[in-house]
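There are 4 protein chains.
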Amino acid sequence: MNILIFIVLKSVCSRAMASKTPVGFIGLGNMGNPMAKNLVKHGYPVIAYDVFPEACKEFQDLGAQVTDSPADVAERADRIITMLPSSPNTIDVYTGANGILKKVKKGSLLIDSSTIDPAVSKELAKAVEKMGAVFMDAPVSGGIGAARAGNLTFMVGGVEQEFDAAKELLTCMGSNVIYCGEVGTGQAAKICNNMLLAISMIGTAEAMNLGIRLGLDPKLLAKILNMSSGRCWSSDTYNPVPGVMEGVPSANNYQGGFGATLMAKDLGLAQISATNTKTPVPLGSQAHQIYRMMCAKGYALKDFSAVFQFLREEETL
Amino acid sequence: MNILIFIVLKSVCSRAMASKTPVGFIGLGNMGNPMAKNLVKHGYPVIAYDVFPEACKEFQDLGAQVTDSPADVAERADRIITMLPSSPNTIDVYTGANGILKKVKKGSLLIDSSTIDPAVSKELAKAVEKMGAVFMDAPVSGGIGAARAGNLTFMVGGVEQEFDAAKELLTCMGSNVIYCGEVGTGQAAKICNNMLLAISMIGTAEAMNLGIRLGLDPKLLAKILNMSSGRCWSSDTYNPVPGVMEGVPSANNYQGGFGATLMAKDLGLAQISATNTKTPVPLGSQAHQIYRMMCAKGYALKDFSAVFQFLREEETL
Amino acid sequence: MNILIFIVLKSVCSRAMASKTPVGFIGLGNMGNPMAKNLVKHGYPVIAYDVFPEACKEFQDLGAQVTDSPADVAERADRIITMLPSSPNTIDVYTGANGILKKVKKGSLLIDSSTIDPAVSKELAKAVEKMGAVFMDAPVSGGIGAARAGNLTFMVGGVEQEFDAAKELLTCMGSNVIYCGEVGTGQAAKICNNMLLAISMIGTAEAMNLGIRLGLDPKLLAKILNMSSGRCWSSDTYNPVPGVMEGVPSANNYQGGFGATLMAKDLGLAQISATNTKTPVPLGSQAHQIYRMMCAKGYALKDFSAVFQFLREEETL
Amino acid sequence: MNILIFIVLKSVCSRAMASKTPVGFIGLGNMGNPMAKNLVKHGYPVIAYDVFPEACKEFQDLGAQVTDSPADVAERADRIITMLPSSPNTIDVYTGANGILKKVKKGSLLIDSSTIDPAVSKELAKAVEKMGAVFMDAPVSGGIGAARAGNLTFMVGGVEQEFDAAKELLTCMGSNVIYCGEVGTGQAAKICNNMLLAISMIGTAEAMNLGIRLGLDPKLLAKILNMSSGRCWSSDTYNPVPGVMEGVPSANNYQGGFGATLMAKDLGLAQISATNTKTPVPLGSQAHQIYRMMCAKGYALKDFSAVFQFLREEETL
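Residue numbers (UniProt numbering), protein chains in the order written: chain A, 1 to 317; chain B, 1 to 317; chain C, 1 to 317; chain D, 1 to 317.
It is possible that some hints are incorrect.
Chain copies aren't distinguished; within one or between two, either way the pair holds.
[Claimed, not checked] 30 Å max Cα-Cα, derived DSS-like pairs, lysine-lysine:
hint, residue 1, residue 2
1, K278, K41
2, K122, K219
3, K122, K102
4, K20, K223
5, K297, K57
6, K167, K297
7, K20, K219
8, K102, K223
9, K278, K106
10, K41, K126
11, K130, K57
12, K105, K297
13, K223, K130
14, K219, K126
15, K106, K126
16, K167, K219
17, K167, K223
18, K106, K130
19, K126, K57
20, K126, K223
21, K102, K219
22, K167, K126
23, K297, K20
Keep in mind the hints are simulated off the structure, nothing from the lab.
Turn these sequences into a full structure, and let the hints steer you where they fit.
As structure tokens, this is what we get:
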């Protein structure tokens, strides 16, 4: 972006800011922090809350209003985005003693970008609807880098008429905003994708490991898979074998990326959804267990592609 | 191909035929038949053998010499291609009472395109080498259609200096001939690819099934997976859910394609190789069991993408 | 028991009846019905409720008071037993609009014999405690036959001081009443047992099936396993192979017994508990998926030992 | 045994020795050594061979004849026992350049106590039969301790008329000699038992681990399982949780016992047999993979009950 355009944009933003109504943001952690900053950059006055007060301080300096509880946010803003680590946290922020629902205004738009059980999203939607407000689930794909760059993907579930209103805000934080269907389908899309991702990552690790032990060169094997029916994102874009690709966690001792513990969490959600809907997911279930075992064996903080390393080590006999 | 080019080609072939030395072909089944025909089309005099005499008849009409045993083929041709259904058949054709090795000439080139245990390929290579001849494994990827069209992929293992000689013949039958390394690595590449294929196919079936039960539209879910990290050949090229894609077995009641029983066979080979090399393949192993259960439940002859159907059916309660 | 003792006992019961305070019983289904009858037989005046009024009628004839809601039961009895099919039903009976907690008296003893998620038991215990009452979980082992005969096993979780009071009632319905620890541990013991049961049943089915295909006589194989380290309840008491034992479901086309769909439910609870506590359960998880697939393939109502039949059928090729 | 009886026994043995014909013994490793010694103790002149000459030395001191090859053994003894670590070793000892079959006498009885693929046993039996001799497979259950004490269990496959002749020798080394059926069924019985053992051991470890995390006391949980349908040899005789039982490997940091690497080997044989007979073994297959992963993570030499430790460790997050 050259400077001229930047100035023009900035003035556009400043002008826009004057007319924009505030947006609440609850949950300013690793992901929520850069997401909320992108809202500020796009000129939205932000009403912030986080359970850890220090997480809010930075936003105070950016001109955001900091509040004492989710209820306070709901009192001051009629559009709120929540970004929380788990189902229980999310339930608490919405329905707790100082939760959003205590003071939510009629007609408010509440967008939850946390990754949680879709059944919980549906429960929350019902509770929100009773208060005359609207709930949408909008979990994200893409990590901290994408959150900073503003090119997350949002998978959105909820009443279709409200999608445009949600999209207006989400576009400030993501480059891809997909409408998935009724409430809960945003979560559903995300956990289905991540379950398939985990399965094909472990499958890629197994196939590469087996091929190497049978005498194949890893780069050559990756090339063959990628031009054949074994091709997948884990083999052609994020190969788990050190030395095959550059710029991926396997090239950097499995640092950065998407931690095994986060993958285990998403697979746990997939498992719960599958159990509730009586859907057989034999490999998804096994993938969950493998990431669980990895977490128990010291791989919790490594990128999820470290499953190659977990499976590879030589027997001592 | 228009007629003119066809005539020119034909005359080229005729000319070539005059100078070409014969090629033996053993195993004229579903795959071997069209492969051998492509050799004939390219002007190679073919010396044919199959355990079922009727399989040879067609080749007699095409001008091929038909023989009584693999040994007879070895007596009359110093380049031989074998295409057989399993390890024991292949061992028998090479080392049996009337096997190739009984009369193989020094310097002969023996190319095995069967899909078998790479450890067996290595054993055969040793036995062939003792007779002063050369063995290469060259299993194929692609089904009967690709065999007819002459655009199979060959994955070739063996001494590198002999690769060009092998390639000359294999190019008549395939559009892609890849050198993989020492003897056995052709098999290794194929079974690693097919193991990963089975895993990602089952994973795709699970993810699509779970998503549908959670309220997602199948076409939309496929689109989301294909633009995300869940993308794989099974989701974007061969989707197992009826109605998502056209021209794939799932659009045709899972007829045609690559049968579940063949996939179970290849996964059995992967399992044996993994056991022999002490390589953990938890999902590959589970995929093997799932195709085994499918075969036991009436899916043996359906395309392997029918795993979606196997997992989908509703509980009766 | 000879007649004299019986008469003496009967008169003891009659005397006792006069002085016994009423016991509430909520959930008069397949299991609850014979359990409540055993309370009546032991002289307890029963205050009954079931969501299906016809389920209560029989109890009216037996002299029980029938009420209109769980709240009504709580108004009239300070000891209540609940026996319900799932977590949501149980939550509703306790915390719903006409639930027990609406009218529970201080000091009441509430015993839940449903098999549910132990985390739900803990939540209910907290809610009950807030009302000044006591909650214990006491799921049962043993089927309808044991319920009728009054020899169920109860696994009881809750405050230890209250165990004797609970045991007084449970002894009328079961021959074995085991104190397991704090609230939720009754459920925990049950789901751990049933998870191990499912695993060893499937394992027995696999081992028997493999042995038979390798040429062993099933009775001989069962005998060898039962005198060796493969011995388990599924091999020596409930063998899944027809013809090996008499008086078990495998001798009766897998009718009766413990249905596959019930096993799938318990394995789902084990899975949820394992996910919540981040415990790896690779075989428990796979057992869950196998019962899920069985239910999807028409085995929902057969005894869970029918997994032998599910795995056994011959391939068609 | 008091001294008097010992002297009497010794004199019986000495007398018997005079009339007993020699027995060959090939493979004097951890298991073969004490087994062969028990033959000596029972008065059989032993003709010994091992690929490591030092393994024979001890037997020379005991009065055994030591030979240079399996062929030499076959020349001097018409009853031979083989105890070798794997299928390839066994094939070599029978059919190699200096193998038994080079000099086996007509009517000889060859008993193989190695644990190998039953398909290999059948192949060897055919080759032996061609030479006019008899082959039986007789793998053992019980470890080094049982081998020393002479109370191994032998599972014997082969022609029934020869069973008594085999039993005469095997009774010197084992307290339990079971006839299983045709050749290969001894191996089949052993691998089926060990597959079920591995499954129920992992299941026990999972159930105990889950129960402990849900708040149950390990000893109490073991007691409950052992009086319920979860009962198995792994829970009641060889419990994998430290502190639950005494005198088992879990009480001794998983030292001694049956190593994970040996279990992985037997599960590999079960897997190969299942693949060859197209038998679905979903849990057996997963058990194999779990022991494979354990071996890759440093548990190769620990007792196989250490799977509890493998699964138990806490996540670092």
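Status of each hint after checking the structure:
| no. | hint | verdict |
| --- | --- | --- |
| 1 | K278 with K41 | neither (45 Å within a copy, 39 Å between copies) |
| 2 | K122 with K219 | between (46 Å within a copy, 23 Å between copies) |
| 3 | K122 with K102 | both (19 Å within a copy, 26 Å between copies) |
| 4 | K20 with K223 | neither (51 Å within a copy, 34 Å between copies) |
| 5 | K297 with K57 | neither (37 Å within a copy, 45 Å between copies) |
| 6 | K167 with K297 | neither (41 Å within a copy, 42 Å between copies) |
| 7 | K20 with K219 | neither (52 Å within a copy, 37 Å between copies) |
| 8 | K102 with K223 | neither (57 Å within a copy, 39 Å between copies) |
| 9 | K278 with K106 | neither (37 Å within a copy, 39 Å between copies) |
| 10 | K41 with K126 | neither (33 Å within a copy, 46 Å between copies) |
| 11 | K130 with K57 | neither (34 Å within a copy, 38 Å between copies) |
| 12 | K105 with K297 | neither (48 Å within a copy, 49 Å between copies) |
| 13 | K223 with K130 | neither (55 Å within a copy, 34 Å between copies) |
| 14 | K219 with K126 | between (52 Å within a copy, 27 Å between copies) |
| 15 | K106 with K126 | within (14 Å within a copy, 33 Å between copies) |
| 16 | K167 with K219 | between (41 Å within a copy, 22 Å between copies) |
| 17 | K167 with K223 | between (39 Å within a copy, 19 Å between copies) |
| 18 | K106 with K130 | within (10 Å within a copy, 33 Å between copies) |
| 19 | K126 with K57 | neither (33 Å within a copy, 36 Å between copies) |
| 20 | K126 with K223 | between (49 Å within a copy, 29 Å between copies) |
| 21 | K102 with K219 | neither (58 Å within a copy, 39 Å between copies) |
| 22 | K167 with K126 | within (21 Å within a copy, 41 Å between copies) |
| 23 | K297 with K20 | neither (50 Å within a copy, 56 Å between copies) |
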